[in-house]
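Position 34 of the sequence shown, counting from 1, maps to 91 under my numbering, and the rest follow consecutively.
Everything labelled a hint here was simulated from the structure, so no lab data went into it. From the three backbone atoms N, C-alpha and C, an ideal C-beta is built for every residue, glycine too. Check each hint, because a few of them may be wrong.
Computed spacing ranges between beta-carbons, pair by pair [what the hints assert, rightly or not]:
| no. | residue 1 | residue 2 | range |
| --- | --- | --- | --- |
| 1 | 59 | 89 | 44 to 54 Å |
| 2 | 60 | 80 | 39 to 49 Å |
| 3 | 62 | 83 | 28 to 38 Å |
| 4 | 61 | 81 | 27 to 37 Å |
| 5 | 85 | 65 | 43 to 53 Å |
| 6 | 87 | 66 | 30 to 40 Å |
| 7 | 79 | 59 | 29 to 39 Å |
| 8 | 89 | 69 | 43 to 53 Å |
| 9 | 68 | 88 | 22 to 32 Å |
| 10 | 64 | 84 | 22 to 32 Å |
| 11 | 65 | 86 | 39 to 49 Å |
| 12 | 63 | 83 | 25 to 35 Å |
| 13 | 64 | 85 | 27 to 37 Å |
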Amino acid sequence: MQPVWNNLLMHHHVVNSLYDKNVFMVYKKRHRKLD
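Could you put the whole structure together from the sequences, leaning on the hints where they help?
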């Protein structure tokens with residue numbers, strides 16, 4: 058049970074990191090257009 062739980066936590070962390078990077082990139086692009 059423990060390894061599976063750790064795997065889920067890692068997967069969740071990776072997905073969050075990718076999502077945050079995408080949001081940040083989109084924000085930077087929009088900000089650049091405004092400037």
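Results for each hint:
1. 59 <-> 89: 44 to 54 Å: Cβ of residue 59 to Cβ of residue 89: about 45 Å, so the range 44 to 54 Å holds.
2. 60 <-> 80: 39 to 49 Å: Violated: the Cβ-Cβ distance is about 31 Å, outside 39 to 49 Å.
3. 62 <-> 83: 28 to 38 Å: holds, 32 Å
4. 61 <-> 81: 27 to 37 Å: Hint holds: Cβ distance 31 Å, inside 27 to 37 Å.
5. 85 <-> 65: 43 to 53 Å: Cβ of residue 85 to Cβ of residue 65: about 31 Å, so the range 43 to 53 Å is violated.
6. 87 <-> 66: 30 to 40 Å: This hint holds: roughly 32 Å between Cβ atoms.
7. 79 <-> 59: 29 to 39 Å: With a Cβ separation near 31 Å, residue 79 and residue 59 satisfy 29 to 39 Å, so the hint holds.
8. 89 <-> 69: 43 to 53 Å: For residue 89 and residue 69 the Cβ distance comes to about 31 Å; the hint is violated.
9. 68 <-> 88: 22 to 32 Å: holds, 30 Å
10. 64 <-> 84: 22 to 32 Å: Holds - the Cβ-Cβ distance for residue 64 and residue 84, about 31 Å, lies within 22 to 32 Å.
11. 65 <-> 86: 39 to 49 Å: violated, 32 Å
12. 63 <-> 83: 25 to 35 Å: holds, 31 Å
13. 64 <-> 85: 27 to 37 Å: holds, 32 Å
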